[in-house]
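Student: Spelled out, the chains give:
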Amino acid sequence: MNTWFSQLKYLVIGTLFGIIFVKAEVISWFRIQEMFRLQSFHMYGVIGSAVVVGMLSVWLIKKYNIKTLEGETVVFHPKKFNKGQIYGGLIFGLGWAVTGACPGPLFAQIGVGATVVAVTLLSAIAGTWVYGRFRDQLPH
Amino acid sequence: MTILEFLQQPWPWYIAGPLIGLTVPVLLLVGNKSFGISSSLRHICAACIPAKVPFFQYDWKKEAWNLLFVGGILLGGIIAGTLLANPAPVAVNPKLVTDLAQYGITDFHSLVPGQLFNWPALLSVRGLLMMVGGGFLVGFGTRYAGGCTSGHAIMGLSTLQWPSLVATICFMIGGFVMANLILPFILSL
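Chain order of the listed sequences is G and Y. Positions in the first sequence are counted from 1; adding 2 to them yields the working numbering. Positions in the second sequence are counted from 1; adding 35 to them yields the working numbering.
Okay, chain G solo, but in the shape it has when bound (with noise of 0.2 Å):
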């Protein structure tokens, strides 16, 4: 079952995310200068541990064949290097900085009431067309 209704369980797990991402303070642009600056550990500690988290799990599932609530063995997606993965990482690494959000904060930060980052969120989603659009002529 792909209904809509089916899917919103995504909403639900969406919805805490963002609360964690607020109560972190990770959508704090001023938390994303101290990082940058070196001056605080906060989000290094949040996405080091996250990552630790996140590795840990997935080891888990691999090693004792952990299956989905369907029944289904878990899927991982290889990715392939290219170097688009090097010059889009420091173009997106400038507008992390500049804006003190990465595309999830993005959605947060609205919804904390900065309703100016629409504008910011329409641009990247211009970004990204313009990616798509020329992505032939950009080197890979």
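Quick caveat, the hints were computed from the structure, so don't treat them as lab data. Take the hints with a grain of salt, since some may be wrong.
Below, computed lysine-lysine pairings styled on BS3-like, alpha-carbon distance capped at 25 Å [what the hints assert, rightly or not]:
#	chain 1	residue 1	chain 2	residue 2
1	G	K81	Y	K130
2	Y	K97	G	K11
3	Y	K97	Y	K87
4	G	K69	G	K81
5	G	K11	Y	K96
6	G	K65	G	K85
7	Y	K97	G	K82
8	G	K64	G	K81
9	G	K11	G	K64
10	G	K81	G	K65
11	Y	K97	G	K81
12	G	K64	G	K82
13	Y	K97	G	K69
14	G	K69	G	K11
Dock chain Y against the given chain G, drawing on the hints supplied.
Tutor: Here is chain Y on its own, set in the frame of chain G:
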């Protein structure tokens, strides 16, 4: 202290980080989904402005879960920003407070500095560069890199993908360059 008062405080990294990390197994086990947020921007393009661009010609409805997920993040922001709001200013390093004061940024009460990000500022060069320019870099860069902090730094590193390590290192380099070398110039505009 009531539970609500407890939840209203900012959460330390060792609580928030592991909870964010748990999103990886939750999404995998609930529906075999790989954690990643920037793809939602691509699905929005595919749904609203495909314009015959091959990159946007796919069945985005199959990925609708991702749009519900970001809808949830927005909703979570609303809940956390009202019910669970922290009345105290963001506690940042005093050095940052002194640095930002030079540019007239003195209010640390909201997570998004209202003195930089507000509607009238969209008409200033500084505001335009930061909000419109910055947003464009985020959208263009994440898609070019094939993911953002969630897809590469968290999901990618959790599954030991070395291309994700390369991407994450580049995110950090870009951020260091912007925050230390370019942003001081933009802020002084």
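Student: Compare the structure with each hint and give your call.
Tutor: Each hint tested on the structure:
With a C-alpha separation of about 40 Å, the suggested pair G/K81 and Y/K130 falls outside the 25 Å cut-off, and the hint is violated. Straight-line distance between C-alpha atoms of Y/K97 and G/K11 comes to about 15 Å, which keeps the hinted pair within the 25 Å bound. For the given pair, Y/K97 sits about 19 Å from Y/K87 by alpha-carbon distance, which is consistent with the 25 Å threshold. Of the supplied pair hints, the one linking G/K69 and G/K81 holds, its CA atoms being roughly 22 Å apart against a limit of 25 Å.
Proximity of G/K11 to Y/K96 is assessed by CA-CA distance (about 16 Å); at most 25 Å being required, the pair is judged to hold. Distance restraint check for G/K65 and G/K85: the Cα-Cα separation of roughly 32 Å exceeds the 25 Å cut-off, and the hinted pair is therefore not satisfied. Note on Y/K97 and G/K82: the hinted pairing holds, with a Cα-Cα distance of about 23 Å set against a maximum of 25 Å. Taking the CA atoms of G/K64 and G/K81, the gap is near 17 Å; set against the 25 Å cutoff, the hint holds.
Restraint check for G/K11 and G/K64: satisfied, since their Cα atoms lie roughly 24 Å apart, inside the 25 Å limit. With a C-alpha separation of about 21 Å, the suggested pairing of G/K81 with G/K65 holds against the 25 Å cut-off. Distance restraint check for Y/K97 and G/K81: the Cα-Cα separation of roughly 20 Å lies within the 25 Å cut-off, and the hinted pair is therefore satisfied. Taking the CA atoms of G/K64 and G/K82, the gap is about 20 Å. The hint holds against a cut of 25 Å.
For the given pair, Y/K97 sits about 21 Å from G/K69 by alpha-carbon distance, which is consistent with the 25 Å threshold. At most 25 Å may separate the alpha-carbon atoms for a hinted pair to count; G/K69 and G/K11 meet this at roughly 18 Å.
In terms of the numbered hints stated before, the structure departs from hints 1, 6, listed from lowest to highest.
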